[in-house]
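Given the coordinates of chain A, assemble chains B and C onto it according to the supplied hints.
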Amino acid sequence: MTSLLDISDLNVTFETRFRSVSAVRGVSLSVAQGESVALVGASGSGKTVLGRSILGLVDEPGVVRGSIIFDGKQIVGRSEADFRDIRGVGVAMVFQDALDGLNPVYSVGSQLSEILTVRLGYPRARARERAIELMEQVGIRDPEGRYNNYPHQFSGGMRQRICIALAVGMQPKLLIADEPTTALDVTVQAGILRLIKQLQSETGMGLIFVTHDLAVAREVSDRMVVMYNGQIVEEGATEDVFLRPQHPYTKALLSAHPARARSWRDLEPIPDEFVTDGPAAGAQTVAAPAPTASIG
Amino acid sequence: MKGDAIMSQSVGQPKLSWFQRSERWQMFTASPLVVTSAIWLLFIVLVALLAPALVAERANLQDLMSRFYAPFQFGKGLEFILGGDSLGRPILLQLAMGAQTSMIIAVFAVGISSAIGYAIGLVAGYFGGWVDNALLRIADILHTIPSILLALVVLFILQPSVFNVIIVLGITRIPVYLRTARAQTVEIKERTFVEVARSMGASHWRIITQEIAPLVFPTIRTLAVLEIAMVILAASSLTFLGIGLQRPDVDWGMMVADGKTYLKSAWFVAVFPGVVIVLTALSASILSNWLRAVEDPTQNILFARKPKARKGASQ
Amino acid sequence: MLAFIRGRLLSGLLTVFGVVVLVFFLARLTGSPIDLFFPEGATPAQLDSFSRAYGLDRPLIEQFWVFLSNAVRGDFGMSVWQQRPALQAALSEMPATLLLTLIAMTVSVVIAVILGTVAAAFRFRLVDRVITIVTLITGSIPAFWFALVSILIFAIVYRLVPTSGAGNWQSWILPVATVSLGPIGVLTQVTRGAMIEVLSSGFVRNARARGFGSTRILYRHALRNAALPIIAVAGDIAASMVNGAVIVSVVFAFPGIGKAIIGAVLARDFPVLQACIVVVGVAVILLNLIIDLIYVVVDPRVRLS
Numbered sequence: 000m001t002s003l004l005d006i007s008d009l010n011v012t013f014e015t016r017f018r019s020v021s022a023v024r025g026v027s028l029s030v031a032q033g034e035s036v037a038l039v040g041a042s043g044s045g046k047t048v049l050g051r052s053i054l055g056l057v058d059e060p061g062v063v064r065g066s067i068i069f070d071g072k073q074i075v076g077r078s079e080a081d082f083r084d085i086r087g088v089g090v091a092m093v094f095q096d097a098l099d100g101l102n103p104v105y106s107v108g109s110q111l112s113e114i115l116t117v118r119l120g121y122p123r124a125r126a127r128e129r130a131i132e133l134m135e136q137v138g139i140r141d142p143e144g145r146y147n148n149y150p151h152q153f154s155g156g157m158r159q160r161i162c163i164a165l166a167v168g169m170q171p172k173l174l175i176a177d178e179p180t181t182a183l184d185v186t187v188q189a190g191i192l193r194l195i196k197q198l199q200s201e202t203g204m205g206l207i208f209v210t211h212d213l214a215v216a217r218e219v220s221d222r223m224v225v226m227y228n229g230q231i232v233e234e235g236a237t238e239d240v241f242l243r244p245q246h247p248y249t250k251a252l253l254s255a256h257p258a259r260a261r262s263w264r265d266l267e268p269i270p271d272e273f274v275t276d277g278p279a280a281g282a283q284t285v286a287a288p289a290p291t292a293s294i295g
Numbered sequence: 000m001k002g003d004a005i006m007s008q009s010v011g012q013p014k015l016s017w018f019q020r021s022e023r024w025q026m027f028t029a030s031p032l033v034v035t036s037a038i039w040l041l042f043i044v045l046v047a048l049l050a051p052a053l054v055a056e057r058a059n060l061q062d063l064m065s066r067f068y069a070p071f072q073f074g075k076g077l078e079f080i081l082g083g084d085s086l087g088r089p090i091l092l093q094l095a096m097g098a099q100t101s102m103i104i105a106v107f108a109v110g111i112s113s114a115i116g117y118a119i120g121l122v123a124g125y126f127g128g129w130v131d132n133a134l135l136r137i138a139d140i141l142h143t144i145p146s147i148l149l150a151l152v153v154l155f156i157l158q159p160s161v162f163n164v165i166i167v168l169g170i171t172r173i174p175v176y177l178r179t180a181r182a183q184t185v186e187i188k189e190r191t192f193v194e195v196a197r198s199m200g201a202s203h204w205r206i207i208t209q210e211i212a213p214l215v216f217p218t219i220r221t222l223a224v225l226e227i228a229m230v231i232l233a234a235s236s237l238t239f240l241g242i243g244l245q246r247p248d249v250d251w252g253m254m255v256a257d258g259k260t261y262l263k264s265a266w267f268v269a270v271f272p273g274v275v276i277v278l279t280a281l282s283a284s285i286l287s288n289w290l291r292a293v294e295d296p297t298q299n300i301l302f303a304r305k306p307k308a309r310k311g312a313s314q
Numbered sequence: 000m001l002a003f004i005r006g007r008l009l010s011g012l013l014t015v016f017g018v019v020v021l022v023f024f025l026a027r028l029t030g031s032p033i034d035l036f037f038p039e040g041a042t043p044a045q046l047d048s049f050s051r052a053y054g055l056d057r058p059l060i061e062q063f064w065v066f067l068s069n070a071v072r073g074d075f076g077m078s079v080w081q082q083r084p085a086l087q088a089a090l091s092e093m094p095a096t097l098l099l100t101l102i103a104m105t106v107s108v109v110i111a112v113i114l115g116t117v118a119a120a121f122r123f124r125l126v127d128r129v130i131t132i133v134t135l136i137t138g139s140i141p142a143f144w145f146a147l148v149s150i151l152i153f154a155i156v157y158r159l160v161p162t163s164g165a166g167n168w169q170s171w172i173l174p175v176a177t178v179s180l181g182p183i184g185v186l187t188q189v190t191r192g193a194m195i196e197v198l199s200s201g202f203v204r205n206a207r208a209r210g211f212g213s214t215r216i217l218y219r220h221a222l223r224n225a226a227l228p229i230i231a232v233a234g235d236i237a238a239s240m241v242n243g244a245v246i247v248s249v250v251f252a253f254p255g256i257g258k259a260i261i262g263a264v265l266a267r268d269f270p271v272l273q274a275c276i277v278v279v280g281v282a283v284i285l286l287n288l289i290i291d292l293i294y295v296v297v298d299p300r301v302r303l304s
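Just so you know, the sequences run in chain order A, B and C. Counted from 1, the first sequence has number 155 at position 156 by numbering that gives the first Met the number 0; the numbering is strictly sequential. Counted from 1, the second sequence has number 187 at position 188 by numbering that gives the first Met the number 0; the numbering is strictly sequential. Counted from 1, the third sequence has number 38 at position 39 by numbering that gives the first Met the number 0; the numbering is strictly sequential.
The calculated lysine-lysine pairs, modelled on DSS-like cross-linking and capped at a C-alpha distance of 30 Å, are:
id	chain 1	residue 1	chain 2	residue 2
1	C	258	B	259
2	B	263	C	258
3	A	196	A	250
4	A	196	A	172
If you're looking for bench data, these hints aren't it; they were derived computationally from the structure.
Isolated chain A (complex conformation) (with noise of 0.2 Å):
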């Protein structure tokens, strides 16, 4: 399986008038066509970022330096036209807030339909067909009914499935998902889970799922990557990772979690060491992440 995308000691950091913060640092990645990647971590531990910087959306005052290199072409230090060539058609993103990732003053039908003709240069009526089918593909009942419909006017869910219509609408080889579910209702995030899966299935398409919540990552993915402070600790077959954690922090994090404590007691909270923001907190030396998987 060729390599989809390659990224190789990935550094942001965030340079303000008082000082400089670092989100990313030293990450190596490899993801590839049809592999579906989590990214873990806590809030702070830089993955968002590394998935925006893969956009290139790291903005100012943010730095990006290293090497990402998609599909055979280096990203870094590229131009926002060049970035606009990948985004979407290459690279595509669904976000954790879905309401405010609508324009609340256009039908959803129109969004749709409006990436199609602009990106993909549809003709109007097919790219209506083109975004009812879509429409239908993430599970939307009466696609046509309510192409005209707000976002307003959907429920979180439909309106998180929406999101991903847009972002699979392009065909692109590599989905990031940041959090998707995270401001959704449990019941409804099985579904939507379900259907990022399938999507992937169906399109052949590789897939970064970013979150927190370590049971969705279980769920969704064949190889996990925990990110702590910037940088990777840990990185390995899903199932593999969570029977056999090696570093410190991912056995902290499996441990934390509710559902393998038998009594409140067995419950440890993550020791202040690991939790700590600041740049220079933490500074332990970091187990070099065992391979268990191989690449490609």
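Coordinates of chains B and C only, in the frame set by chain A:
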């Protein structure tokens, strides 16, 4: 203070004096614009306080020989540096006298309207219900009628005087404060700490004065500074139109009106008072802008510094 | 949506009612309203007989009822100076003011949207600061002084436009500029704020993530959302534009409600003054209603709830 927290993170630095540590003071002195505005306003206030005592007689001295005396000449002494008006009075001194009138009107009108609007807004926002609706309705009505029109009519009915101008402006500008205070109160009263206070048995009065009012105050204060500019403009518009004040009370707007008919021959009679109005209103606006920037750094347009790129980031 | 319109209409009517009540009580501020209706120098006996003729010795409630029923029929008494009904005197000057306000509003909105968008797009950079300072300055210039100075420069020194009147289209330039001065400043700041907020919202970020170009994002995605607060503020400004029209009337000898008002003040023609307040009040309310409707059309969230 935020500035302190950030500064103190750099360990091993020499001890900084108060004003080096205070971000507010830094922002103040860092901007020549704000410092200039503050100085100008202080200057005007000083003039307003001292002028009448010192120069009243000379200011009102009508001297036909000095009629339309051109400005920027030194022939008749410093007081005629800005020229003489239609009755030969020195414009510079007239401006000084006008400063007092303008300042009195501005300070009292803003004081009255802000205090009343603040209080009513708090009460209306907190209690809601029909009282709130009625008050909003009244504010709406006051807002619908253009202020000049309303002021015109009221001053038509009552006699022109400084006191009446203050009353009219004080009342017509209440809605601005009322709306702001009310909106903020409504938002704050939903917050948890208010609920906590209620559950501990705090009375309405206590909650309003101790918990909510202090939070609303900064916004009102910033608004009031801005309103000083607005009131100066409004008052001068009224006096320009000829209602509101009569001689010997003099005010900048009235001076502009005096010069209106002599635009071609003696432009300075109308122009200089206007310049003073603009400078004073602008100073108040800039200060208000600065106050807002201090309260909420995201609003900081004029005084923000672009972050400099830092070298030596991790490679 | 129909319910919304009905609601706004009702609200508007209520406000009109409030204005009428206000006018009624304004006249009685000094306790002796009859003084307002007659030029000074009338003898007490004359005042007295007219008082009774006007029914001013009747109980307040009755007076109010009479006033109200007359007002509804458009009867605000006869102008003291002109030989016609007060309402007519007021209405005859409205068209010029309405036209002036409409033109000024359009000009203000167009310029403000352009400036505000530029300021938002180049946030915190030099352009933004310059625009902000300029809006601060224009907000501090009194309209009447601006009018005079612009006459000085453009009419007297450079003779580009006439000094007064409304003879040709050039004579409208300075009046429109004067009325637009304040609103442009306010609207630019509002546009800037609204655009900044919209540009940092989720769907704009998503649009970028989907590879849309900045022009498209700005115009199709962002502006339509930013328009909402702009429209709302434009409604607020409607009343203050009439203020500007009054000033303009005086300085430029321009036709309009200002002329009627100032004339009434000078001639002590109180019935006309009363009529003017009500007419202007109604006009502002109507203008606000129209703007509310525009708002509803632009924002589907309001339309469909």
